[in-house]
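Student: Hey, can you piece these two chains together into the complex? The hints should help.
Residue numbers (our numbering), protein chains in the order written: chain A, 1 to 437; chain B, 1 to 316.
Check the hints yourself; a few may be wrong.
To be verified - One side of the interface only, derived from the structure: several residues of chain B facing chain A at Cβ under 10 Å:
1. G69
2. L144
3. Q153
4. I258
5. N266
6. L274
7. F280
Hints are computed from structural coordinates only; laboratory data are not their basis.
Glycine is no exception: its CB is placed at the ideal position from the N, C-alpha and C atoms.
Residues per chain, in single letters:
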Amino acid sequence: MIRTRTRGRQRRLVAVAAAIATTAALTACGGSDDGPAGAVSAGGVEGVDDGSTLTLWTRAPLEFQANLLVEAYNRTHKNKVELTITPNDDYVSRVGAAAGSGDLPDLFAADVVYLPNWTEAGLFADVTEQIGQLPHADEINKGHLDAGTRDGRRHVLPFVLDLSVMFWNKALYQEAGLDPEKGPSTLAEFAEHAKAVQGLDKEGVHGTSFGGNCGGCTVFTWFPTMWASGDDPLLDDGAKSVLDNPSAKQLYGTWRDLWDSGAVDPASKDETGATWVAAFQQGKVGVMPYPATLLATADKTVDVGVAPLPGVDGGASTFLGGDGIGISKDSEKAAQAWNFLSWLMSEEAQVGVLAANNSSVARSDLTNNEHTREDPRLLAINEVAAAADSRTPMAVNFQQAFNAAGSPWVTLVRNQVFGDGSSLAADNAAVSEALGQ
Amino acid sequence: MPTSLKRVPTRPPDQVAPAPSRRRSARSRRRLTGWAYAAPTALFVTLFFAVPVLLVGRMSISDWGLFAGDRGVNLPDNFVDAVDLRLFWPAVGFTVKYTVITTVILIGLSLGLALLVQESTRWTGFLRTAVLVPSALGLASASLLFYALYSPQSGPFGEVLRDVGLADGPISFLGTPDAALWSTVGLIVWRFAGFYMLLLLVALQGISADVYEAAELDGCNRWQRFTRITLPLLRSSLAMCAILCVTGSLLAFDQFYILTKGGPDNGTMTIVQLIYNAAFQGGNDLGLAAALSIIVLVVLLVFNLGQFRWLRGKDA
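The shape of chain B in the complex, shown without the other chains (with noise of 0.2 Å):
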């Protein structure tokens, strides 16, 4: 600011500034007015998260079963349990497989079919709601059905497989841990490509059309549009469908413990199927489920961060 030019004053110099004690109690009120707006939320935050997870958290540092209670703290004996557990590693192992298997063929296949369905036709009114009309169907509910269709004997699949000729015989879709993780993403393929889809949907639309037609006009062809402007105005939205498809697969459970009970031969064996083994079937054994969950949590914070700091970046 050049030093010549005055100060512009704040208040016309006709009015005359209110006495400390006045300015003082008008900014209390609107501090109050402010703690006032924030409580209702501040409370339900304290006492639906932050108090769960402090609980939790007291929990996985304590000898803590499910009838016996609370038996002193066991720092850090849980933690120690948990990583030792025999199915431990392998469960890790097939979450992370499940989580990257699903959220490429989801994002993927939805991001295809917002685009099918993008230009509204005589069609695709009937196509964006028969997609998404599995998304308004609970995934247990879903599971079960699935789990009916599945039926070696009385499922629909696999005689519709047999009358095309590409079985001879019974199929088996839950028997190997290799069908069993294959029929598993079918299902969650099926119940949430159109939820994805939507949110892709509506991220296309609000492309402008102004853009595709001044890259028309400077000569690219459909693949440079679609690399070129799609995907780079998509990236919020994709990057958002990519969160909520990860956390949802790294915390996969009722699909599995209804198709296959973390079986065959324990190789469904999902990290939250692990979890709710060692706090209700047979272990009975709260402190260590709550160092499993915190474990999870911990890295659940850390992908989701930085999946967001890497989304900022891109997008500063």
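Looking at chain A on its own, in the form it has when it is part of the complex (with noise of 0.2 Å):
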């Protein structure tokens, strides 16, 4: 009896180990047969607002934004979107996770570096005519659509731009007899502005500071000096590197001119990214390289002048960085996914949201807004954002060459500026070899 009752037992659990297995087998199969992109264009240009729940995610250092646009959109529509956030060094494994097992959220953000991986990898729907029907399709910044398009198929709007500007201290301006409303205008003015600063020989204030072991931190800040100047540092569509151009060449010299003459903050050899901002905010450094979307930030402590990166002999460039947003693979509500991008679109979002909140706008049509009048410093951040040299470089391997810990970029940065230079050929060779992997 024992022994009839425990087969009965076996063969039920097979019969339900069975039937789980099936069941998990079928809804496998009608996922891949339901793709969102059929879907996506249900509701029209501006997709459905039909009550449904849409979950977002994003990185941590977009918060502020993010938050302030999803409580607009909560607010004024039925579709609800939860939004959720990931500390920055954990995000790339948490999508790979969440790729790899089917679970990606109806929407999300990438940094625009890892667009081209991302949608070369599939991770975002097909979003082409519905980005071609909105009514000022052609005014969405181009570097952002660009670095989400592959083969000639759109995937993703900007959700946050993050522009890199020149910060300067106006206070330690005055006080080093330089005009404090206007700031550097060539890669030797920014130098000899650096150099004055230290001049002043104030304990613990410094000319300038820079990211010293973060790739991420240069690229972003050092490559728009090369637009400027009218080299680009990446050739083939981000497959060589061209890191040893004239103008790198005059960028790399300069740094290491400050370096050595004592005008860089000494913190810089050290710093990692955590805290590359933190002494210009309080009010330590005289003019460095900065994130557009920290002045306010800045602003609280530091009275902040703003101007665009300038290239060696002039010119105005920026990097056009912050995050693209699209809809996943596996999203099942794309057309409600759509009505949030649509929106996000909007001149009610991007003035209404993100110009109120001092934070660049997307759409060169709405660059001269009600916000930026009144604080000239916005006006020249969303005007350099449309500057002709302002760019978002486009890589598939971006993130292992330039942003990764230890990445050839760093090595380079590292023996331009704290060593004697002589590397140049080998090290733009390894960064080379990086992105052609």
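Tutor: Rendered as structure tokens:
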């Protein structure tokens, strides 16, 4: 009897397990058949606002803007967006794990430098037609759009723009005999201003500062100088590095000279990126390339001047960074998710939410708005975003070559600034090798 | 056994042996009960240890991208690529160097501290607590704290060294590979010395006072008592501390990720940081990362088995 019961129980367990496995397999098959791309067009150009709950992931540096946008959308729509913020360093692994298991949220943002890689991996739904139908499609920031374009198909829209600009401390400029209303307009002027502030010889105050052990910080703030000078450090769609171009050499030489002369905050040599703007915010740095999104924060403690990043002999440029946002391949509410994206590009979101909170707009026709007219610095930031030499660098292996801990770009920067600069050719080849992998 | 002696019966002769079927049924029930007791642990071990290890093993022989998923078996490519990585051998060398330095300093210092606070005096309670408090801090939090303390400009460590005349300008605690290594060792010693001290203190207090009294009567001096009684009787605890310390150091990640990101100039790249880079920092290659993890796992197993065997051999 016991054996009979045991066998019966075993058979039931096997039957339950088989049923679960079959259901799982059928569900998986069903999921693969119902891709989001087919459903995204359901609601036309505005998508569907039917009271659905949408999930949205972004990374911690954009928490401020993401919260504002989600709150504003939830206030004015039947759909509700649930926002999940993930620490910056954990974001790639979280997205990777979710992509592997088919659990991506309906919407998710990605650092613009990851977009080519993630688009190639097929993480985003194709929204080419929907973007094309937007009334202001031609005014949307092209750098972000292009970063999410593969084989002519578009996958993302700009979520939050993060631009690199020059910040200076007006009070220190005044003390150093510089014009507090005029920032550096050439690379040489930048060095001159930094040395002038250093010349004050104030305890704990330095001319300039940078993230000397942080690939992301230096690529964000140094590439624009090359672009503004007419040089492009990346060729062949981001597969080849030309970081030994003439303006790059001038740039490295300027920073090496500043370092040797003691005008650079010594903490820069150790700086991994965690606190690279802290000294400026404490009023201890004269002038430095800085993320524009931090203007409001820096303004609390320092009277800040803002200008575009100059080239060697002038010009203006910025790194069009920040995050792009798209509908995930796993979303089953693509038309509802598009409703959020469509609204994101509206004047209501761009001006009423982002510009109203000192953030850059992602549409060139909205750069001059009621908020930027009140603060010319915001207008300068928006204008440089639309400048001809401003770019979003694109490379499938960008992270590996530039941002990753111990990347060949970090080695190049350190050798150029803290070393004698003799290894430029070899270091540039190492960056090319990482890009071409 | 002498042949003249009768074999002692295992059951009183007046008791009747149970029927064979009842015996089997009782044995079967006992076996089932045993399985029932072991089942939760077995399930836990299977789900949370065996299955992940098997999955990592499977991953390590596959072309498995972070976003692309499993693209089929590619043995032995991942293992060949792992050893061919530009930073593989430097990372192995640095991890071993860091492990040796940390283990020697940490165990030596912890033993010294345990001996110092062994006797109950007026100050030992305070000292024990003071040394133990950093152990309550998470390693990531401690690393961030030290990142600020080591700041060349605003960090108080540099200021103190300047005030006492040991430095005349900003000190770059993390600016060179050697400085970064020793600064990280400093953090780890601060964070873990109290924990190991506590383990050794418990072991020290487990040694009977009689042994020391007997040794004293035999004319042993303090050094002889330390080397011939304390150290041998602490061997098990010291070995356990060493195993924990070596394993923790070979798997070091948080402290370097926060303090140095493997720099400067890749001079503090540990093997786990390399695994993290391969998986999530642009490499996006889970197969390669899994192969690296399997290599580390095998090394750790060999190392720990060696330590256990040595420990058991000595005890026997």
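Student: None of the hints should be skipped; say for each whether it holds.
Tutor: Outcome of the hint check:
1. G69: This hint holds: G69(B) lies near chain A, its Cβ roughly 5 Å from the closest one there, short of 10 Å.
2. L144: For L144(B), the interface hint holds, since the closest Cβ of chain A sits about 8 Å away, which is under 10 Å.
3. Q153: At about 5 Å, which falls below the 10 Å cut-off, the nearest Cβ of chain A leaves the hint on Q153(B) intact, so it holds.
4. I258: Nearest chain A Cβ about 7 Å off; hint holds.
5. N266: At about 4 Å, which falls below the 10 Å cut-off, the nearest Cβ of chain A leaves the hint on N266(B) intact, so it holds.
6. L274: Result: holds, 9 Å to nearest chain A Cβ.
7. F280: holds, 5 Å
In summary, this structure violates none of the numbered hints.
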